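Q: Chains as they are written, first to last, in this note's numbering: chain A, 1 to 106; chain B, 1001 to 1146.
None of these hints come from the bench; they were simulated from the model. A quick note: this is a predicted structure, and the numbers were derived from the prediction, not measured. Be aware that one or more of the hints could be misleading.
[Said to hold, decoys possible] Using 30 Å as the maximum straight-line C-alpha spacing, the simulated DSSO-like pairs for lysine-lysine come out as follows:
#1 B:Lys1071 <-> B:Lys1059
#2 B:Lys1059 <-> A:Lys106
#3 A:Lys106 <-> A:Lys89
#4 A:Lys89 <-> B:Lys1002
#5 B:Lys1002 <-> A:Lys106
#6 A:Lys89 <-> B:Lys1071
#7 A:Lys86 <-> B:Lys1002
#8 A:Lys106 <-> A:Lys86
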Amino acid sequence: MNAPAMDTHRPPDSLTRTLANWRVAAPRNPHFRAEVWTRIQAAGDALPWGAYVRRHAAALSGALALAVAAGAVTGQGWARAQTAAKSAKLAAAYVESLDARVLSSK
Amino acid sequence: MKNLLISLGVVATACGLTCGVAYFLSDNRAMDAAARDGDAMAWLRIEFRLSDAQFTMIKRMHDDYSIVCGKHCADIMEARERRAPAAEIAALEQVCVDAMTAHFREVAAQMPPGQGERYLGTVLPQVATYSHHGAPNVRATPSPGK
């Protein structure tokens, strides 16, 4: 922004003309938007995690509750599936241990 | 971004820990041991919640029936070895099926209410869906001390 030096001795119409012809020729910065986001990001990262948690307490509590529920259901389902598979295998073994058709085929 | 990643890590860790704890609490360790030992009688005791008296009775019935089963087995093997007609082998197999089914019903009668029906619902379909492929390598006799 290089404004011409103001000449107080010029008549007012000259000032008006100068102002009317004045164009700001600031160079465009193509990275302006990205730099703004980078600064915002940096400001966010500078926030301590405790403060971040307090700021997003509702979302984090919800995510934590969902994670705990999903973990519990998955763990219990996994254990039950494994127990059921073992039980089925032992059931087959039990029946076959008393099945002369099977024993005579060995 | 760093705070978001830390938060996601905490959530994922909570999920994993809960999964592990739920697995540990829900796991049937007695069934694990029975499967590891291939002990089908232990399975019977655990699966159908048999009392000591019921298990002792059922084990005795099992041992007694094993002798009968051995006889049926020998008859079928002998018929197969002398290449008996298929009808004769089928008749011997039917004797085995009938005796086995009767044994299972007697065992079911010794079980707690409700468990006997569940037991029959487990074993009888396996008698019906028999195929001549042989048995898995597990034993049906309890481990010493059980």
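Q: Looking back at the hints listed earlier, which ones does the structure fail to meet?
A: Result: hints 4, 5, 7 break, sorted rising.
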